[in-house]
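Participant: Okay, here's what each chain looks like letter by letter:
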Amino acid sequence: MNPDGSQAPLEVPVNINLSLMEVLRAGGYPIPGTCGGIALCATCAVDILSGNEKLSPAGDQELDMLDLLPQSTAATRLGCQIRLRPEMDGMIIRIISES
Amino acid sequence: MEDQDKNIETDICIVGAGPVGLFAVFEAGLLKMRCHLVDALPQVGGQLSEIYPHKPIYDIPGYPQILGQELVERLMEQIAPFRPGFTLGERVESVERGGDGSLTISTNEHSTIKCKVLMIAGGLGCFEPRKPAIDGLTEFEGKGVAYIVRNPEALRDRNVVLAGGGDSALDWTIFLADVAAKVTLVHRGDTFRGSPDSAGKVFELAKAGKIDLFLHANVMTLYGNGHLQELSILTHQLPPTRIAVDDFIPLFGLTPKLGPIAEWGLDIVQSAIPVNPADYSTNLERIYAIGDINTYPGKLKLILCGFHEAALAMQSAFKYVFPAEKLSFKYTTVYGINAF
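Protein chains in written order, with numbering that gives the first Met the number 0: chain A, 0 to 98; chain B, 0 to 339.
Don't take every hint at face value.
List of simulated lysine to aspartate or glutamate pairs, EDC-like, C-alpha gap at most 16 Å [said to hold, decoys possible]:
| # | chain 1 | residue 1 | chain 2 | residue 2 |
| --- | --- | --- | --- | --- |
| 1 | B | K209 | B | D166 |
| 2 | B | K298 | A | E21 |
| 3 | B | K256 | B | E92 |
| 4 | B | K300 | A | E21 |
Worth flagging that the hints you see were computed from the coordinates, not collected in a lab.
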């Protein structure tokens with residue numbers, strides 16, 4: 000789901016072994032990923048609308064960054080810290096736009 | 000910095016003193032081009048010094064493992080023969096083009112650097128305060144809204160509202176409880192991940208009535224007439240609360256931004272500067288972008304790629320610095336390092 004509410008399916012090759020941030024960026028979605036995936040800029044923040052239980056819990060570095068995001072909720076994660084796995088199929092995520 | 004020369008003239012101005020900016024001095028030096036570096040941070044090294052000085056890096060050729068800070072020190076040693084100048088702790092603001100094609104860069108501290116070529120090695124950009132989505136926030140910047148506590152004494156006997164849940168918000172709440180007339184902390188969660196000591200102290204202060212603590216709450220709107228006067232707070236349990244305030248300090252950390260560079264007329268794509276991968280030149284003549292700040296097909300944000308880009312960009316920049324001379328490529332193993 001884009002920041003404007005529009006929805007689009009995202010197909011990802013099995014075993015791509017990339018982060019959600021990299022896959023979204025490669026797909027042309029509005030994800031800057033400025034810091035390159037080291038949980039530093041939070042420009043890849045997403046809300047997990049369904050399928051949260053399929054994800055590994057956030058690590059300390061990710062939690063520290065999420066703590067600083069004004070718009071963050073319990074469903075918010077950093078896309079760069081989520082490594083895509085086949086069992087994540089069907090998850091719904093919303094891209095958070097940071098102005 | 001007070002002892003820095005304010006009016007500089009050089010061949011190449013490098014914006015950003017991270018590893019790629021530093022190594023660019025070496026590549027320029029081999030071609031007898033002088034460099035001056037400008038960085039918003041007060042020290043050289045960029046991300047390496049600021050973010051991971053003690054983390055090992057494994058993909059620098061020739062070093063199976065090297066610490067971030069050690070790499071910075073080695074680069075400084077490597078470029079010392081070419082005597083680069085430094086303007087540190089100052090942010091580049093504007094660039095002006097002279098009739099002879101030269102460029103003059105100005106900083107926020109009124110330094111100027113006149114150069115023949117501008118090499119942007121700005122990495123992630125500069126780190127600026129993250130601004131929450133609050134109605135009226137930017138309107139009251141400098142009129143009651145500040146993103147950093149510069150002078151705590153200026154808040155003495157004032158009515159201060161802080162927002163945030165990190166260490167900064169906790170630490171300033173505790174400190175200001177004894178300085179300000181009234182301190183209110185607004186946090187969107189109900190727990191703090193900051194230091195447990197600080198979190199405990201904040202809860203104690205709230206219990207003792209020395210501060211007001213709003214949990215599960217967000218500041219929604221700022222009100223005032225020329226200066227901030229009131230703000231509204233929305234909590235899960237209560238209807239919106241409107242309280243009086245003199246100073247509002249949102250503390251939500253820093254986020255990297257391109258800053259004023261974005262206003263220079265450069266093409267910008269997703270916070271990066273597109274370049275010609277043949278020589279890393281931008282859409283503006285005499286301006287190059289190297290390292291993490293640029294983008295081109297196949298771009299990898301790696302230090303070693305930035306080093307490569309620096310070498311090619313300097314070879315290309317030579318024509319602007321020495322327009323009457325022919326560039327001849329020389330190996331250091333044959334010609335050595337000819338210091339300035």
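Participant: Would you mind marking each hint as holding or not holding in the structure?
Facilitator: Hint check:
1. For the hint pairing B/K209 with B/D166, the CA-to-CA distance comes to about 19 Å; that exceeds 16 Å, so the pair is violated.
2. Straight-line distance between C-alpha atoms of B/K298 and A/E21 comes to about 13 Å, which keeps the hinted pair within the 16 Å bound.
3. For a cut-off of 16 Å, the pair hint linking B/K256 to B/E92 stands: about 13 Å separates their Cα positions.
4. Only pairs whose Cα atoms come within 16 Å are accepted, and B/K300 paired with A/E21 is accepted, the gap being roughly 13 Å.
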